[in-house]
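Asks: One-letter residues, chain by chain:
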Amino acid sequence: MREINIKEIIDTVERLCIEANQHLPEDVRAALCAFRAREDGQIACGVLDNIIENYGIADRECVPICQDTGMACVFLEIGQDLHITGGSLTEAVDEGVRRGYQNGYLRKSVVADPIRRGNTGDNTPAMLYTEIVPGDRLKITVAPKGFGSENMSMIRMFKPSAGLEGIKDFILETVETAGPNPCPPMVVGVGIGGTFDKCALLAKKALLRPLDSHHPDPYYAELECEMLEKINALGIGPQGFGGRTTAIGLNIESLPTHIAGMPCAVNINCHVTRHKTEVL
Amino acid sequence: MEKHITLPLTEELAMSLHAGDTVYLTGTVYTSRDAGHKRMCEALARGEQLPFDPTDATIYYVGPTPAKPGQVIGSAGPTTSGRMDAYAPTMMRVGARGMIGKGARLPEVVEAMKQYHGVYFGAIGGAGALLSKCIRKAELIAYEDLGAEALRRLYVEDMPLVVIIDCEGNNLYQIGRARYLSEHKEEVRND
Chain A
1 MREINIKEII DTVERLCIEA NQHLPEDVRA ALCAFRARED GQIACGVLDN IIENYGIADR
61 ECVPICQDTG MACVFLEIGQ DLHITGGSLT EAVDEGVRRG YQNGYLRKSV VADPIRRGNT
121 GDNTPAMLYT EIVPGDRLKI TVAPKGFGSE NMSMIRMFKP SAGLEGIKDF ILETVETAGP
181 NPCPPMVVGV GIGGTFDKCA LLAKKALLRP LDSHHPDPYY AELECEMLEK INALGIGPQG
241 FGGRTTAIGL NIESLPTHIA GMPCAVNINC HVTRHKTEVL
Chain B
1 MEKHITLPLT EELAMSLHAG DTVYLTGTVY TSRDAGHKRM CEALARGEQL PFDPTDATIY
61 YVGPTPAKPG QVIGSAGPTT SGRMDAYAPT MMRVGARGMI GKGARLPEVV EAMKQYHGVY
121 FGAIGGAGAL LSKCIRKAEL IAYEDLGAEA LRRLYVEDMP LVVIIDCEGN NLYQIGRARY
181 LSEHKEEVRN D
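Going down the list, the protein sequences come from chains A and B. Following the numbering used here, the numbering of the first sequence begins with 1 at its first residue and continues without gaps. Following the numbering used here, the numbering of the second sequence begins with 1 at its first residue and continues without gaps.
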């Protein structure tokens with residue numbers, strides 16, 4: 001049986017935390033640039049130019065793209081034929097986050113208790129998701145998530161009778177309510193189906209998918225295009241100052257659900273949609 | 001309009017600014033977010049002084065990343081201003097006039113801005129690396145235990161901002177969107 005020592009996991013998580021915060025995925029940058037080419041308002045173009053310049057500075061100087069370096073969402077796909085040695089996997093991930101946020105000069109933005117507050121001082125704990133998959137590899141994805149956009153996300157448990165129109169209206173309503181708050185242009189992650197909790201996770205996972213990809217089912221792929229177009233007809237624009245570019249991408253993930261339900265979750269991200277993956 | 005302005009933000013200067021103006025700001029600003037505002041407002045309620053003179057002051061809603069060796073400050077873009085809405089009228093009542101952040105404000109904040117001649121500036125959310133370049137000096141002045149949320153005095157030079165809400169209550173979020181939609185009526189039929 002293949003073995004991986006937790007030391008390797010700690011080092012990888014540390015590095016991914018730092019790199020994800022400094023270097024934007026190429027598909028996100030490319031999408032932003034493509035929308036800039038189509039924007040025409042003076043203020044809107046100025047904002048998008050500054051955003052592109054900011055990506056460049058962060059990338060070249062290895063500094064965080066945004067000061068909200070987020071909660072560290074960590075996704076592990078663990079091969080079922082893999083044996084992890086040397087200690088606790090969960091503690092290893094937290095140690096990687098601790099080191100990454102300390103050594104990478106990233107902001108510590110986590111409080112120990114949601115009501116009583118109090119900063120944990122090291123950005124732990126990570127929001128950890130594990131999935132058992134075939135094989136003997138370990139796929140690690142770190143996605144730092146800022147809360148200006150997280151706070152504007154919504155979930156709703158629809159009656160099936162609400163149908164496709166209900167879903168469409170809800171996506172638009174969520175984006176419209178978010179308005180200027182989540183630093184538009186946004187990236188929109190939509191989860192449809194599953195249970196209450198799975199649906200929210202689908203929406204988060206949708207934010208990890210490249211913006212130049214589509215849902216494998218043409219029905220949802222078309223819905224992705226239609227909703228992105230509708231969002232960009234709202235006129236909210238870059239930073240909410242008015243314009244064509246309200247969102248630079250919309251991804252949908254779906255799952256089977258119960259005969260009585262039709263859950264839909266909309267996870268909003270800003271244009272700094274960060275994630276970095278490594279396979280051990 | 002593009003304007004270069006120097007702080008402090010006097011009443012006269014505030015009244016010369018209009019929603020939609022692009023502004024390059026130079027001078028001293030103070031940083032504070034949720035936890036710092038809560039403390040300042042609690043201090044005021046006890047009749048205590050603030051850690052800085054609020055007269056004509058400008059507050060930047062930001063929690064920067066730690067500075068790397070050789071840096072004045074880490075990445076330093078704006079945070080969502082709405083979380084300071086509960087405190088902003090109190091801050092304006094004691095003399096603070098400028099606010100730098102991003103996102104919508106409540107009607108009671110806009111009312112206080114009209115009453116005290118306050119100005120709400122927008123910095124670009126998600127451009128923290130770029131904005132840090134305008135910050136020439138950074139000094140911790142209070143609430144060190146709050147970490148990223150501690151109170152800092154910054155000296156900024158030509159910080160690129162947009163006036164979102166002016167002291168007459170005009171709001172770029174409404175004006176800008178309405179203008180875009182009226183200029184693009186043909187394209188944006190949303191069936």
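If you are wondering where the hints come from, they were derived from the structure by calculation, not from laboratory data. Don't be surprised by glycine CBs; every beta carbon is placed ideally from N, CA and C. Honestly, I wouldn't trust all of these hints.
[As the list claims (entries may be wrong)] Below 25 Å or equal to it, Euclidean Cα-Cα: the simulated PhoX-like pairs (lysine-lysine) are:
1. B/38 to B/114
2. B/185 to A/168
3. B/68 to B/3
4. B/3 to B/137
5. A/230 to A/159
6. B/68 to A/108
7. A/168 to A/198
8. B/185 to A/108
9. A/205 to A/108
10. B/3 to B/133
11. A/205 to A/159
12. A/108 to B/38
13. B/137 to A/108
14. A/198 to A/139
15. A/108 to A/168
16. A/230 to B/137
17. A/7 to A/139
18. B/137 to B/68
[Unchecked claim] Distance ranges between label pairs, derived from CB positions:
19. B/46 to A/161: 49 to 59 Å
20. B/70 to A/88: 48 to 58 Å
21. B/53 to A/163: 56 to 66 Å
22. B/11 to A/139: 53 to 63 Å
[Stated by the list, open to error] Sample of chain A residues with no beta-carbon within 10 Å of chain B, all distances over it, derived:
23. 51
24. 61
25. 66
26. 81
27. 132
28. 201
29. 236
Asks: Work down the list of hints and note, for each, if the structure agrees.
Replies: So, going through the hints one by one against the coordinates:
1. B/38 to B/114: Judged against 25 Å, a Cα distance of about 23 Å means the pair holds.
2. B/185 to A/168: Since the Cα atoms of residue 185 of chain B and residue 168 of chain A sit roughly 21 Å apart, the hinted pair holds (cutoff 25 Å).
3. B/68 to B/3: 32 Å, violated
4. B/3 to B/137: Holds, because 22 Å separates the two Cα atoms, which is no more than 25 Å.
5. A/230 to A/159: 23 Å, holds
6. B/68 to A/108: 14 Å, holds
7. A/168 to A/198: Holds. Residue 168 of chain A to residue 198 of chain A sits at ~20 Å (cutoff 25 Å).
8. B/185 to A/108: 45 Å, violated
9. A/205 to A/108: 23 Å, holds
10. B/3 to B/133: Satisfied, since the Cα-Cα distance of roughly 19 Å is no more than 25 Å.
11. A/205 to A/159: With Cα atoms ~24 Å apart, residue 205 of chain A and residue 159 of chain A stay inside 25 Å; holds.
12. A/108 to B/38: Satisfied, since the Cα-Cα distance of roughly 19 Å is no more than 25 Å.
13. B/137 to A/108: Holds, at about 22 Å.
14. A/198 to A/139: Holds, at about 20 Å.
15. A/108 to A/168: The given pair, whose Cα atoms are some 36 Å apart, is violated under the 25 Å limit.
16. A/230 to B/137: Roughly 44 Å between the alpha carbons, so the hint for residue 230 of chain A and residue 137 of chain B is violated.
17. A/7 to A/139: Holds: residue 7 of chain A and residue 139 of chain A sit about 15 Å apart, inside 25 Å.
18. B/137 to B/68: Given pair residue 137 of chain B, residue 68 of chain B holds - Cα atoms ~14 Å apart, limit 25 Å.
19. B/46 to A/161: 49 to 59 Å: About 56 Å separates the Cβ atoms of residue 46 of chain B and residue 161 of chain A, which means 49 to 59 Å holds.
20. B/70 to A/88: 48 to 58 Å: With Cβ atoms ~37 Å apart, the hint is violated.
21. B/53 to A/163: 56 to 66 Å: This hint holds: roughly 59 Å between Cβ atoms.
22. B/11 to A/139: 53 to 63 Å: 59 Å, holds
23. 51: Residue 51 of chain A is in fact no farther than 10 Å from some Cβ atom of chain B, at 6 Å.
24. 61: Contrary to the label, residue 61 of chain A does not stay out of reach of chain B, its closest Cβ about 7 Å off (not over 10 Å).
25. 66: 5 Å, violated
26. 81: 40 Å, holds
27. 132: 35 Å, holds
28. 201: Fine: 24 Å to the nearest Cβ keeps residue 201 of chain A off the interface.
29. 236: 6 Å, violated
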